[in-house]
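Taking the hints into account, I'd like the entire structure generated from these sequences.
Letter 65 of the sequence shown, counting from 1, is numbered 65 in my numbering, and no numbers are missing.
No lab work stands behind these hints, which were simulated from the structure alone.
As the structure is a prediction and not an experimental result, all values here were calculated from the model.
Worth double-checking, as some hints may not be accurate.
[Claimed, not checked] In silico BS3-like cross-links for lysine-lysine, where the CA-CA straight-line distance does not exceed 30 angstroms:
id, residue 1, residue 2
1, K92, K10
2, K141, K131
3, K107, K184
4, K131, K240
5, K208, K141
6, K92, K107
7, K184, K170
8, K92, K163
9, K32, K10
10, K158, K170
11, K204, K170
12, K131, K208
13, K184, K208
14, K171, K141
15, K204, K184
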Amino acid sequence: MLQEFIRGYKNYIENNEQCVSAEFLERWERRKTGETFSDSYPVTEDSNLYNDLCYALEEIGSIENFLNDIENKKINCFSHTVFEGAYEKLDKYIREYRAFHSDIPEKWLQLNATLYEYKSGHLNLLSFDRKRLGIERAINKHYSRIGAYFRIFHRIVKYINDKVSDEEIKKDYLGFLRATINEKEMLVIFYNAAYTERGNGLLKEIRKTTFFGEHDELMEDSTVQHFNPHSMLWESEDLKIMRGFGNK
Numbered sequence: 001m002l003q004e005f006i007r008g009y010k011n012y013i014e015n016n017e018q019c020v021s022a023e024f025l026e027r028w029e030r031r032k033t034g035e036t037f038s039d040s041y042p043v044t045e046d047s048n049l050y051n052d053l054c055y056a057l058e059e060i061g062s063i064e065n066f067l068n069d070i071e072n073k074k075i076n077c078f079s080h081t082v083f084e085g086a087y088e089k090l091d092k093y094i095r096e097y098r099a100f101h102s103d104i105p106e107k108w109l110q111l112n113a114t115l116y117e118y119k120s121g122h123l124n125l126l127s128f129d130r131k132r133l134g135i136e137r138a139i140n141k142h143y144s145r146i147g148a149y150f151r152i153f154h155r156i157v158k159y160i161n162d163k164v165s166d167e168e169i170k171k172d173y174l175g176f177l178r179a180t181i182n183e184k185e186m187l188v189i190f191y192n193a194a195y196t197e198r199g200n201g202l203l204k205e206i207r208k209t210t211f212f213g214e215h216d217e218l219m220e221d222s223t224v225q226h227f228n229p230h231s232m233l234w235e236s237e238d239l240k241i242m243r244g245f246g247n248k
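Printed below as a string of structure tokens:
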């Protein structure tokens with residue numbers, strides 16, 4: 001796609017450079033050789049054309065340098081350098097390119113719309129496997145420091161499940177346990193249990209409880225009591241998972 005941007009800018013230059021006035025012709029020829037120099041002139045139709053041609057030339061150079069860096073492995077093509085702010089970059093390219101070409105290829109617009117959907121605020125588009133991979137990676141970075149915390153929590157919940165048969169007393173114990181942790185800790189516990197391989201044992205135990213709340217307290221249209229649902233990564237889906245807890 002970046003090659004298409006280059007072709008578009010080259011076509012613009014080829015179709016318009018013959019219209020450069022005598023006043024700017026020498027400067028334009030120098031610009032084409034890559035020479036840089038300070039420019040000062042009044043704003044006229046001729047100067048606007050000259051500026052547009054210079055901009056197109058600069059964009060070609062910028063894109064070619066970027067592609068060369070990828071080809072020479074100075075930039076990994078799957079790195080954050082490429083993808084960070086991808087929507088904003090492409091949107092800017094399209095808006096500026098439109099100044100030279102009134103017709104924007106439909107596939108560019110479709111790609112731009114897709115990138116917009118994949119911005120950080122649209123995480124619901126990720127498949128479960130991609131979600132799980134992301135959570136696994138995030139937790140694994142800190143597991144040496146928080147692994148013991150998960151194991152202790154797991155043992156406490158398992159003890160309550162195994163030793164407390166009275167449901168009301170069990171709810172009281174779970175309430176006491178819940179009162180010892182803050183909202184962030186509660187959600188980290190949930191994501192570790194629901195989305196990681198290491199959390200499978202805890203998930204098995206926590207499914208038997210209403211630790212995160214009763215079924216009716218975890219509806220999307222109600223007030224969730226024990227944490228802010230808007231702090232969840234995938235609010236609708238995660239609340240649905242929680243509503244499935246509490247079954248023997």
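Results for each hint:
no. : hint          : result
1   : K92 <-> K10   : holds (19 angstroms)
2   : K141 <-> K131 : holds (16 angstroms)
3   : K107 <-> K184 : violated (41 angstroms)
4   : K131 <-> K240 : holds (16 angstroms)
5   : K208 <-> K141 : holds (29 angstroms)
6   : K92 <-> K107  : holds (16 angstroms)
7   : K184 <-> K170 : holds (23 angstroms)
8   : K92 <-> K163  : violated (62 angstroms)
9   : K32 <-> K10   : holds (12 angstroms)
10  : K158 <-> K170 : holds (11 angstroms)
11  : K204 <-> K170 : holds (17 angstroms)
12  : K131 <-> K208 : holds (24 angstroms)
13  : K184 <-> K208 : holds (22 angstroms)
14  : K171 <-> K141 : violated (33 angstroms)
15  : K204 <-> K184 : holds (21 angstroms)
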